[in-house]
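Asks: Sequences and hints are given; from them, build the entire structure.
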Amino acid sequence: MREDIEALMEDGEVPELKGGKVDEKKVISSVDLEEIVSSENSFVVRVVDVLIVLVAITVLLLLTGVL
Amino acid sequence: MIIAIASGKGGVGKTTISVNVAVLLSFLGRTVVVDGDVALPNVHVHLNLSPPASLPEVLKGEASLKEAIYELPFKVGKKETTLHILPSSGPLEKIDLDGFPEVVKELDKDYDFVIVDVAAGLSKYALLPIMASEKIYVVVNPEKASIEDGKRVISVASSIGKEVSGVIVNRYKGEKALAELAQKEISENLAGIVRESKLVKKAWEIGKPFVVAFPSSAVSKDVAKLAKNMAGMKTEIKKYGKLKYFLRLA
Chain U
1 MREDIEALME
11 DGEVPELKGG
21 KVDEKKVISS
31 VDLEEIVSSE
41 NSFVVRVVDV
51 LIVLVAITVL
61 LLLTGVL
Chain A
1001 MIIAIASGKG
1011 GVGKTTISVN
1021 VAVLLSFLGR
1031 TVVVDGDVAL
1041 PNVHVHLNLS
1051 PPASLPEVLK
1061 GEASLKEAIY
1071 ELPFKVGKKE
1081 TTLHILPSSG
1091 PLEKIDLDGF
1101 PEVVKELDKD
1111 YDFVIVDVAA
1121 GLSKYALLPI
1131 MASEKIYVVV
1141 NPEKASIEDG
1151 KRVISVASSI
1161 GKEVSGVIVN
1171 RYKGEKALAE
1181 LAQKEISENL
1191 AGIVRESKLV
1201 KKAWEIGKPF
1211 VVAFPSSAVS
1221 KDVAKLAKNM
1231 AGMKTEIKKY
1241 GKLKYFLRLA
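So the protein sequences, as listed, match chains U and A.
With this note's numbering applied, the first sequence closes on residue 67, and no number is skipped along the way.
With this note's numbering applied, the second sequence closes on residue 1250, and no number is skipped along the way.
Some hints here could point you the wrong way.
Unchecked claim - If we take Cβ atoms under 8 Å as the criterion, some of the chain A residues that face chain U in the derived model are:
1. F1027
2. L1028
3. V1076
4. G1077
5. T1082
6. K1202
7. K1208
8. V1211
9. S1216
10. K1221
Quick caveat, the hints were computed from the structure, so don't treat them as lab data.
Just so you know, even glycine gets a beta-carbon here, dropped at the ideal spot from N, CA and C.
Replies: What follows is the structure, given as structure tokens:
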């Protein structure tokens, strides 16, 4: 693997590295991304989620013979 | 900020992650997705684009950067955004990537987030985009083989004096131990866990990112957390078990 990389470097000019520094100030908006993705139909989705969980629990209880 | 999304092997969902994360990051700042996988480009397929000019034409000097960048408006939930794309579609031929770092640096002047979808594996197609990036994230699936493959990115990065910024576990179905293994083997920083979901495939079929097609889905929320971490807004990523995944409690 190392050889491959070295051969590659010899192939052409090595581009200048930026050194991995991150400018956090570049983030210009303070929008909450989690809020954006949950803003549509979140109530409906929650109800569906609850129903699925209830059905799953009922099936589980039926299978184990509790009900 | 130039962010590389890499993987040790293809097929782990790297392009899906790149495109969806980019859509959400575009709410935080000007964002462009670059299809750095010039040998096997995929970004344009995910977005249903047939671009007349793309990255290979720019590298060959046949098109300007402006001509090869496409502006796509998206609506996520109730909010609208614009994402820019530099695709890589084109005829299958050997493309000289030497000019790639310059292209990315040029984009970095105009954009807050430059997301580079890197080719999988160890080749010049993977190395040059990684060299040009400030942050490198490795996408793996919760499988031992995939984590082992992901370690190759660490070798590539360290050989050029770079460090992997974080690991992303994609198609997660509650494999807690494997997520921990990915953290141990690839990066302590678990940047995100993106669950397995049928909606990903459905969105792909209609040619839309899943965060746009299904914004309120659990998988979209996973990507929102990942995007926040990438933007430097620390968000806790919880590793949950198979029962929580099955019952959709996570």
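Asks: Next step is simple, just say for each hint if it's right about the structure.
Replies: Evaluated hints:
{"no.": "1", "hint": "F1027", "result": "holds (5 Å)"}
{"no.": "2", "hint": "L1028", "result": "holds (5 Å)"}
{"no.": "3", "hint": "V1076", "result": "holds (5 Å)"}
{"no.": "4", "hint": "G1077", "result": "holds (4 Å)"}
{"no.": "5", "hint": "T1082", "result": "violated (13 Å)"}
{"no.": "6", "hint": "K1202", "result": "violated (15 Å)"}
{"no.": "7", "hint": "K1208", "result": "violated (14 Å)"}
{"no.": "8", "hint": "V1211", "result": "holds (6 Å)"}
{"no.": "9", "hint": "S1216", "result": "holds (5 Å)"}
{"no.": "10", "hint": "K1221", "result": "holds (6 Å)"}
Checked against the numbered hints given earlier, the structure breaks hints 5, 6, 7 and satisfies all the rest.
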